[in-house]
Amino acid sequence: MADLRAHHLTKHFNGVLVVKDVSLTIRPGEVVGYLGPNGSGKTTTARMLAGLLDPSSGVVEYNGRNIHDDLIAFRRQLGYIPEEPSLYPFLSGREYLQLIGRLRQLPETLLDKKIDGFLDLFGLHLAADQSIASYSKGMRQKIVISSALLHDPAVVLFDEPETGLDVTTTMMLRHFVRLLASRGKAILYSSHILEVVERVCDRVIVLHKGDVVADDSIERLRALMSRTSLEGVFAELVIRDDPEQMARDLADVSALSFP
Amino acid sequence: MTPRRRSGQATPWLRTPYVLLTKQFLRQFLENDLISPEADRTQLLAVVGALAISLTLFISMFMSAKFIGAFLTPGQAAVLTLDDKFFYLSLAMIATALMAAVQWDALTIDPRDAGILEPLPVSAGTIRRAKLTAVAVLGGAVAVGLNLFPSVVFPWLLSISFPQMRIVALPGLMSAHAVMTFAAAAFGYLAVIAIRETLTMVLGRRGFAIASPWVQGILIVVLGSALLMLPPSSRRIAQRGFDDWRATSPPMWFLGAYETLAGGVVADLPRKEMTTRQATNDATMSELYARRRPQFPALASRATLAFAMALVIAWAAYLWNARHLPALTAPAAGGRRRWRAGERFANALIVHDGTARAGFYFTLAAMWRSKTHRVTLAGAAAAGFAMVLLALSNADVEPGARPSLRLLVTQPLLYGALLVGFRHIIRVPAELRANWGFQLAWRERDRAFITGVRRAALVALVLPALAVLLPLFIYVLGTQSALLHAALGLAGAIVFLELLLVTYEKVPFTCTYLPSENMKALVPIYAVAFLIGAANFARMQVQAMISGDPTGILITLAVLFVGLRVASLRRVRRPLVEFDEAPSTFQRLGLHT
Numbered sequence: 008m009a010d011l012r013a014h015h016l017t018k019h020f021n022g023v024l025v026v027k028d029v030s031l032t033i034r035p036g037e038v039v040g041y042l043g044p045n046g047s048g049k050t051t052t053a054r055m056l057a058g059l060l061d062p063s064s065g066v067v068e069y070n071g072r073n074i075h076d077d078l079i080a081f082r083r084q085l086g087y088i089p090e091e092p093s094l095y096p097f098l099s100g101r102e103y104l105q106l107i108g109r110l111r112q113l114p115e116t117l118l119d120k121k122i123d124g125f126l127d128l129f130g131l132h133l134a135a136d137q138s139i140a141s142y143s144k145g146m147r148q149k150i151v152i153s154s155a156l157l158h159d160p161a162v163v164l165f166d167e168p169e170t171g172l173d174v175t176t177t178m179m180l181r182h183f184v185r186l187l188a189s190r191g192k193a194i195l196y197s198s199h200i201l202e203v204v205e206r207v208c209d210r211v212i213v214l215h216k217g218d219v220v221a222d223d224s225i226e227r228l229r230a231l232m233s234r235t236s237l238e239g240v241f242a243e244l245v246i247r248d249d250p251e252q253m254a255r256d257l258a259d260v261s262a263l264s265f266p
Numbered sequence: 251m252t253p254r255r256r257s258g259q260a261t262p263w264l265r266t267p268y269v270l271l272t273k274q275f276l277r278q279f280l281e282n283d284l285i286s287p288e289a290d291r292t293q294l295l296a297v298v299g300a301l302a303i304s305l306t307l308f309i310s311m312f313m314s315a316k317f318i319g320a321f322l323t324p325g326q327a328a329v330l331t332l333d334d335k336f337f338y339l340s341l342a343m344i345a346t347a348l349m350a351a352v353q354w355d356a357l358t359i360d361p362r363d364a365g366i367l368e369p370l371p372v373s374a375g376t377i378r379r380a381k382l383t384a385v386a387v388l389g390g391a392v393a394v395g396l397n398l399f400p401s402v403v404f405p406w407l408l409s410i411s412f413p414q415m416r417i418v419a420l421p422g423l424m425s426a427h428a429v430m431t432f433a434a435a436a437f438g439y440l441a442v443i444a445i446r447e448t449l450t451m452v453l454g455r456r457g458f459a460i461a462s463p464w465v466q467g468i469l470i471v472v473l474g475s476a477l478l479m480l481p482p483s484s485r486r487i488a489q490r491g492f493d494d495w496r497a498t499s500p501p502m503w504f505l506g507a508y509e510t511l512a513g514g515v516v517a518d519l520p521r522k523e524m525t526t527r528q529a530t531n532d533a534t535m536s537e538l539y540a541r542r543r544p545q546f547p548a549l550a551s552r553a554t555l556a557f558a559m560a561l562v563i564a565w566a567a568y569l570w571n572a573r574h575l576p577a578l579t580a581p582a583a584g585g586r587r588r589w590r591a592g593e594r595f596a597n598a599l600i601v602h603d604g605t606a607r608a609g610f611y612f613t614l615a616a617m618w619r620s621k622t623h624r625v626t627l628a629g630a631a632a633a634g635f636a637m638v639l640l641a642l643s644n645a646d647v648e649p650g651a652r653p654s655l656r657l658l659v660t661q662p663l664l665y666g667a668l669l670v671g672f673r674h675i676i677r678v679p680a681e682l683r684a685n686w687g688f689q690l691a692w693r694e695r696d697r698a699f700i701t702g703v704r705r706a707a708l709v710a711l712v713l714p715a716l717a718v719l720l721p722l723f724i725y726v727l728g729t730q731s732a733l734l735h736a737a738l739g740l741a742g743a744i745v746f747l748e749l750l751l752v753t754y755e756k757v758p759f760t761c762t763y764l765p766s767e768n769m770k771a772l773v774p775i776y777a778v779a780f781l782i783g784a785a786n787f788a789r790m791q792v793q794a795m796i797s798g799d800p801t802g803i804l805i806t807l808a809v810l811f812v813g814l815r816v817a818s819l820r821r822v823r824r825p826l827v828e829f830d831e832a833p834s835t836f837q838r839l840g841l842h843t
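Going down the list, the sequences are from chains A and B. Here the first sequence is numbered in our numbering, starting from 8 and rising by one per residue. Here the second sequence is numbered in our numbering, starting from 251 and rising by one per residue.
Hints were generated in silico from the structure; no laboratory data involved. Values in this document were obtained by computation on a predicted structure and should not be read as measured data. Incorrect hints may have been included.
[Stated by the list, open to error] Beta-carbon label-pair distances, calculated as ranges:
#1 Lys273(B) with Arg185(A): 29 to 35 Å
#2 Thr175(A) with Ser373(B): 37 to 43 Å
#3 Pro482(B) with Asp61(A): 27 to 33 Å
#4 Met253(A) with Ala374(B): 36 to 42 Å
#5 Leu263(A) with Ala374(B): 36 to 42 Å
[As the list claims (entries may be wrong)] To give an idea of the chain B side of the interface with chain A (calculated C-beta under 10 Å), a few residues:
#6 Trp464
#7 Ser483
#8 Ser484
#9 Ala488
#10 Gly604
#11 Ala606
#12 Phe612
#13 Ala616
#14 Trp618
#15 Leu682
#16 Asn685
#17 Gln689
#18 Arg695
#19 Lys756
Ideal Cβ placement from N, Cα and C applies to all residues, glycine included.
Based on the provided sequences and hints, a complete structural model is requested.
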């Protein structure tokens, strides 16, 4: 098992700095939480780590090698669950998993077993042969999670995986992430839900406007910031405005009426 | 003093929910042809509009040029113009029907639209009226675009030959042409809506969801073939008559109505001084026209009845189906499981490798289930069938006939058109946003993937094309010769597919679409090369079948195949799976390029 390391990743889009000098390491058996408000660069970092997006500067290394030296070899070890589950709407859930499994060259009998297993466990067996166009967001997310884990990857990048999932599946997912880590997988878990990150992750990286503002274990961050919860730490690091005042302002805007 | 309205502030009636929704629904018609929401709708509209106007102007000028300085007599003109009128009426009818068939799913309120609009404080009635208005505006715009210039140019150039025609007769002729072509266009449009809505009513939304792609595909093939067959079938209308099956043809009904309305304007013109030859011609043609004339009122009655029925059925069925806004319902479960036996068969015999299977099944799914790809293939099939019908119209198709070029060429023409359409659709992405899955799972096994894609084309396009024509060949040539012809056709299709894919370096259905910049110049060259190739291949087949020895043609095909495969292998292939930051030129599908 090998580390996934990012060195000084920076990304510009049309001159706008989205990710600024992010360095991180994800070790086997470790779940690294990746926190940040909307637009802080979490998804962009995850896509760069997956090799889906070229960084403007910096490198991503897996097992000591730049992933772009042999992207195919890296992706053999990678599972990626994106935030927005875009899938081929005209395929059924089963057909999509078959497509991905076949492209990954999994043996057919093993692939069938895995697909049936995932569909059963996610409660999708009845909808397995319906087109994805008719799936809810949660159902699509379950297909995406299944497709990312079909090949038993060594590195898994979860980019807000709980989006659209029901409570039971979200709870199951937390246990599953821990279990994957206990089996030696290196995991990045990007999420808005601080409670989940607090329970699941060994370490958290907090991102704000493209900058890493904290990178440590949750316990140490709590101690350093003199806070009792991760929410408190996050508020201290990232939230510049008073949430209560913002809520009052929003309510006032909503209540504006015609003179 | 009344305050002046600020620039950019719309008048209040333009901001009513009804108008805003109508505009939104009209915009959706344009987006049907798009593969990116960032595409420039104005540019697309301008191109389509300019194309329609310039094409109809050119056609009407080209067709009416024969009236200038031709010294036609009224009798000759009355007979000759029947061909032109039949052409214009058929063109209006088929083109608008084809437009309705292409816009098939956008003709009614989409469940997703209903899901978005229903929670808003807009009544269901307003949503329905807006959709109906948008559908009517689309049909009206197409009908006007098609008929505006011919309605002016054709009667005007016709009248030049007849100075004895009264000045007031010209506006009358123009009005009659405009009314009848517009009615024919409306009939074609309404007929497609009537078919769609009646099917929805009878089958229910779920049943219709299953039948819809097939019905749409068949309509596009039939209407597309009819459109391409129009020029040769618009000749000698008066000489062929209006009896038997011709009396059941909708354009003939509207031609009857046209002649009832305005046929006498030219036919009954006072005769000027004529030469003996002209007088003889005029008498012959006037006699022919006079023989056909009593049939026009009956045809006109049929046109009126058919129009009324199409209007009533379309209107009633549309309103019946729209009484409840559609809900997002899941398709019936298990519908796709029935193909498991076929999947096992294909896995055992056609595609063994995993990546090839991915290519095979993904191609089959994208071809039939992605609307853009299905419509393009239906268009290719229409072109193929039109060429087949043209070739057969002059072929000997009696049982026991000798194999002839005109007969045998139908096979390469049909599968060739389908494979050319296939070559186009693999360049169009199935869903750009879903490409990330492909990218992550891709193992650079593009050859294996394309093998699956190629086999899908053979199974889903070539074999059905051969099967469709096989009964005709069995009827004409006998079973043994027909089977030999089919086998040679399959071999020819394999070589043709190899030729089409020899320069293809991308991963089918996944890459951003980039229209070839010089396609307009290359299309005629490719078309001529295709026709010459098909004719030569058919000629080789004729020789092989007459001599009973297919060795020569098989060796030729084998040599070609090996040569093409070697050329293909020598090319440096790179899996150019493009996902992000595509150049702006890819945005529009550009099927017209």
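Here is what the structure says about each hint:
Here the CB-CB span from Lys273(B) to Arg185(A) is close to 52 Å, at odds with the stated 29 to 35 Å. Under the hint 37 to 43 Å, the C-beta atoms of Thr175(A) and Ser373(B), about 39 Å apart, fit the expected range. Between Pro482(B) and Asp61(A) the C-beta distance comes to about 56 Å, which lies outside the given range of 27 to 33 Å. For Met253(A) and Ala374(B), the hinted distance range of 36 to 42 Å is satisfied, since their beta carbons lie about 38 Å from each other.
Between Leu263(A) and Ala374(B), the C-beta spacing of about 29 Å breaks the proposed range 36 to 42 Å. Hint status for Trp464(B) relative to chain A: violated, with the closest Cβ pair at about 15 Å, above 10 Å. The criterion of a C-beta within 10 Å of any C-beta in chain A is not met by Ser483(B), whose closest approach is roughly 37 Å, and the hint is violated. Of the supplied interface hints, the one on Ser484(B) is violated, with its beta-carbon coming no nearer than about 39 Å to a beta-carbon of chain A, more than 10 Å.
Hint on Ala488(B) is violated. Least Cβ distance to chain A is approximately 50 Å, over the 10 Å limit. With a least beta-carbon distance of about 4 Å to chain A, the hint placing Gly604(B) at the interface is held under the 10 Å criterion. The beta carbon of Ala606(B) comes within 8 Å of a beta carbon in chain A, closer than 10 Å, and the hint placing it at the interface holds. With its C-beta approaching chain A no nearer than about 6 Å, Phe612(B) sits inside the 10 Å limit, and its interface hint holds.
At a threshold of 10 Å, the smallest CB-CB gap from Ala616(B) to chain A is about 7 Å, leaving the interface hint in force. Using the Cβ-Cβ criterion of 10 Å, the hint placing Trp618(B) at the interface with chain A is satisfied: the shortest such distance is roughly 8 Å. With its C-beta approaching chain A no nearer than about 9 Å, Leu682(B) sits inside the 10 Å limit, and its interface hint holds. Proximity of Asn685(B) to chain A holds as hinted, the smallest CB-CB distance being about 8 Å (cut-off 10 Å).
Taken as an interface hint, Gln689(B) checks out: its beta carbon lies about 6 Å from the nearest beta carbon of chain A, inside 10 Å. With a least beta-carbon distance of about 8 Å to chain A, the hint placing Arg695(B) at the interface is held under the 10 Å criterion. Annotation: Lys756(B) was flagged as interfacial toward chain A, and the flag is violated, the nearest CB pair being 15 Å apart, outside 10 Å.
Comparing the model with each numbered hint stated earlier shows that hints 1, 3, 5, 6, 7, 8, 9 and 19 do not hold.
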